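*Asks:* Residue numbers (this note's numbering), protein chains in the order written: chain U, -5 to 361; chain B, 2 to 462.
Simulated from the structure, these hints should not be mistaken for laboratory data. All values derive from a computational prediction rather than experimental measurement. Hints may be right or wrong, so weigh each one.
[Unchecked claim] Sample of chain U residues at the chain B side, in silico, Cβ under 8 angstroms:
1) 104
2) 124
3) 328
4) 332
5) 338
6) 341
[To be verified] Straight line, CA to CA, 27 angstroms or less: simulated DSS-like cross-link-like pairs of lysine-lysine:
7) B:446 x B:405
8) B:41 x B:124
9) B:124 x U:81
10) U:81 x B:446
11) U:268 x U:143
12) U:244 x U:143
13) U:268 x B:124
14) U:81 x U:268
15) B:95 x B:124
Think of the CB as a built atom: it goes at the ideal place given N, C-alpha and C, for glycine as much as any other residue.
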Amino acid sequence: MMKRFMATLMATILALTSQVLAAADNQTRFPSLQTETGRLTIYSTTDLAAMKPLIDDFQRSAPGISIDYIEYLTNELHALASEACRKDEPLGDLLLSSSVDQLLKLANDGCAASHTSPETLRVADWANWRDEVFGFTYEPAVFVYNTRKVPPAEVPRTHVELADLLRERLDYYRGRVGTYDIRLSGIGYLLAFNDARQTNTVFGRLLESMARASAVARCCTGEILEEVASGRLYIGYNMLGSYAYDAARKHPDLRVVVPRDYTLVLSRGALIPKSAERGDLGAQFLDYLLSERGQAIARSNAFYFSETGGLPPDVDGPQNLKESGIAQPIRIGPGLLAVQDWAQRQRFIEDWSRSLIELNSPEWTRE
Amino acid sequence: MQHEPSLFARLARRISLVLGIGAALLVSAAWYYAETAADKAYDRLLVGAALQMAESLSVERGALSARLPTSAFELLGLAERDRIFYRVIDTNGKTVTGYDDLQSPAPSDGARDAVSISEGIYKGEAVRIARATRVLADPSVTGHVYVIVAQTNEARSALTRELTLRATILVVVMSFLAFAGAMLAIRYALQPVERLGAAVRRRDPHDLTPVSVGVPRELDPFVSSINHFMGRLNERVDLLQRFIADAAHQIRTPLTALSAQIDLLGHDKLDKTGRQHFERVQQRTGELARLTNQLLSHAMVIHRADSIQLEPISLVDVARRAYRAAIPITVDPDIVISFEAPDDRPFVLGDAVSLREAIVNVIDNALRHGTDQRLEVRVRSDALDAYVEVEDDGPGIPPEGWEKATQRFATSKSHEGSSGLGFAIAQEVVNAHGGTLGFRARDEKSFTVILTLPLYKGPAK
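Pulled out of the complex, with its shape left as it was, chain U reads as follows (with noise of 0.2 angstroms):
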């Protein structure tokens, strides 16, 4: 078991070396629109594609800054911040993680810089901790299927449903379901763990089924997403809905279910790191995420969904995600500690793992 958890450690820590020796290939810089009076150092997981629009606007409004915005998984952030934090170094001026229990231990361990400015008074009180971890986005966890693939009658559209599906439909789908590798997808993990704090026992049986029907477990969403469209997986599950959707907007064959018995919800959180060399610069780009306006970009450009707009177009789910009231917000809080309590991550990993991935992981995790 703990030969299991370090060969994966290895390769996590692998994967993060190439990250960082290849650094300067995720690195963007937007450079300043005017004579550069500052440069803001973005540390982020979410995908350039969705951030661009906000950047582009952002530095509209406040042109001489240049931006390097840096993209990295949720692990390797979550890695490095920590390690930056810990030896008192800067990285970066602002950090955008989709997994907030990363971001709210890193607040916890005291590595977070408060901010507090009318806009911030805007953020929700479950989105927002100690002024510290805020939470500028509203994404729920979808289904994502390919409509050339599921026929309309077999749309699963609860956690039932799919579980139902998967068990009826074995031998289709075996193979053809795809879900986050909780082991090296933070939000994965998160989005996992707050599946298996739901009251009923169906994401017990949903991993059963899953396991059976040798579900694909994928580093990040945009694989999945991309073998769903292409046909090479039928059925996405855990999928982040802004991602989802922007890929259901380029792919025709590719469409988005809100789950109807409960949906997740994460908010992206967003931190300034306390050694920060131009925190003020991350206060000013937080704020603008939290603005009226970068709201209206987020929801018309980037992440598509909104706690108070209905659903997007062309999105099968209630009409109104909080109203329906089967919205599940990932509150940022303490809770999340235990989400990140390490001992308990080792043996959910393990367990998930046990049920899931060992009979179908890729060559690279095995022993």
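Given the coordinates of chain U, work out where chain B should sit on it, guided by the hints.
*Replies:* Just chain B, lined up with the frame of chain U:
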């Protein structure tokens, strides 16, 4: 006299001092209780969380495993802004999960309590640390395991601050109310003192009767002291007056004999200088007799003012009698003397004897010091007052000397013998009747002394 601060200021200072000290004590107590209450409240959360975590420990396949419940963290999360640190230690003292360097200040072997709580510092922040102990009796894992949970103090401090602030507001408001109430009470309580002071101030200087203002019991000693003092003063004054009267009386008899002897002596036998001396002795003796008479008259007037009941009298009658008594038979025939009185005989409330004495003295003074060729005595009245005017054609008293003229043994003409008590007696009498003594100088040839007395409006006797 050294000026002591007022009673009100003293009381106000002392009461505000007491209230201030009291308020400070109350606020300190409130702060202490608030801190205790906040600690108690949040310690329960902390202990609850630690116990939940300890409860979640189990032995699986021969190893201690921790399945920390989210609810434990959410329980701690009720203190919304506080950071949470925890550590699970197995039987060998190794960290199972959590923060490796988190220590509980409480000794780990000695204490066998299920839960202990202490203060501490972690990551440079003051924290409250709870440690829950659980005894494992599994065949493979035996011994004590510990769960240490620490939480920063923001919520506690905030609660303490809030509770203290509210208590402080209450204490301050109550202190102000108490102070205002005390000040009102003091002001009210001191009113009799003011009243007594005013009553004593208002008294006539000659009034030496006991003070009869109603005062609270506490002021009784003060009032009786005043009254005792007044009584003694009164006795002394009486004694003094009686002495003066007695002395004057005793002096009069030998003085009369002395006058007679001087008259008998005759001046025919004397030479020119001797005659001059003789005349001076005669003159001085006259003055002495007059002064003695005045002293007697003064004593009489004062005595009567104290003892005689005033009654309605006709001022014209009194003035006429005085006029007759005051003009000697030997008066210089060149002087024109007249007495005028109105037909309607004004009445005043008074003592006829004293008033006559007063008018006699004024006329006598005019004859002696003023009159050259004319002396007029007039009685008249208007709606409110009756007047007795004595007018002469002498040089009179210049206005700057008017005030001094009514003092005893003062005269405007220093070269003459002392006029003595004339105006003083008149003034005293008139004042005792509620009237005034005034002067009027019209020109070089007219000086008037006016006695003003309030008119009596009641039925005549």
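*Asks:* Confirm or reject each hint.
*Replies:* Each hint, compared with the structure:
For residue 104 (chain U), the interface hint holds, the least distance from its beta-carbon to any beta-carbon of chain B being 5 angstroms, beneath 8 angstroms. Interface restraint check: residue 124 (chain U) against chain B, minimum CB-CB distance 5 angstroms, threshold 8 angstroms, status holds. Interface restraint check: residue 328 (chain U) against chain B, minimum CB-CB distance 4 angstroms, threshold 8 angstroms, status holds. For residue 332 (chain U), the interface hint holds, since its Cβ comes within 8 angstroms of a Cβ in chain B; the closest pair sits about 4 angstroms apart.
Annotation: interface hint on residue 338 (chain U) holds; nearest CB of chain B at approximately 6 angstroms, less than 8 angstroms. For residue 341 (chain U), the shortest C-beta to C-beta distance to chain B is roughly 7 angstroms, which falls under 8 angstroms, so the interface hint holds. For a cut-off of 27 angstroms, the pair hint linking residue 446 (chain B) to residue 405 (chain B) stands: about 22 angstroms separates their Cα positions. In summary, the hint linking residue 41 (chain B) to residue 124 (chain B) is supported, as the alpha carbons are separated by about 24 angstroms, within the 27 angstroms threshold.
Restraint check for residue 124 (chain B) and residue 81 (chain U): satisfied, since their Cα atoms lie roughly 13 angstroms apart, inside the 27 angstroms limit. Taken as a hint, the residue 81 (chain U) and residue 446 (chain B) pair is broken in the structure, with Cα atoms around 119 angstroms apart against an allowance of 27 angstroms. A distance of roughly 49 angstroms separates the Cα atoms of residue 268 (chain U) and residue 143 (chain U); the hinted pair therefore is violated under the 27 angstroms criterion. Annotation: proposed proximity of residue 244 (chain U) to residue 143 (chain U) holds, straight-line Cα distance about 17 angstroms (limit 27 angstroms).
Between residue 268 (chain U) and residue 124 (chain B) the alpha-carbon distance is near 14 angstroms, which keeps this suggested pair within the 27 angstroms criterion. Between residue 81 (chain U) and residue 268 (chain U), the direct Cα distance comes to roughly 12 angstroms. Compliance with the 27 angstroms bound is thereby established for this hinted pair. About 20 angstroms separates the Cα atoms of residue 95 (chain B) and residue 124 (chain B), which keeps this hinted pair within 27 angstroms; it holds.
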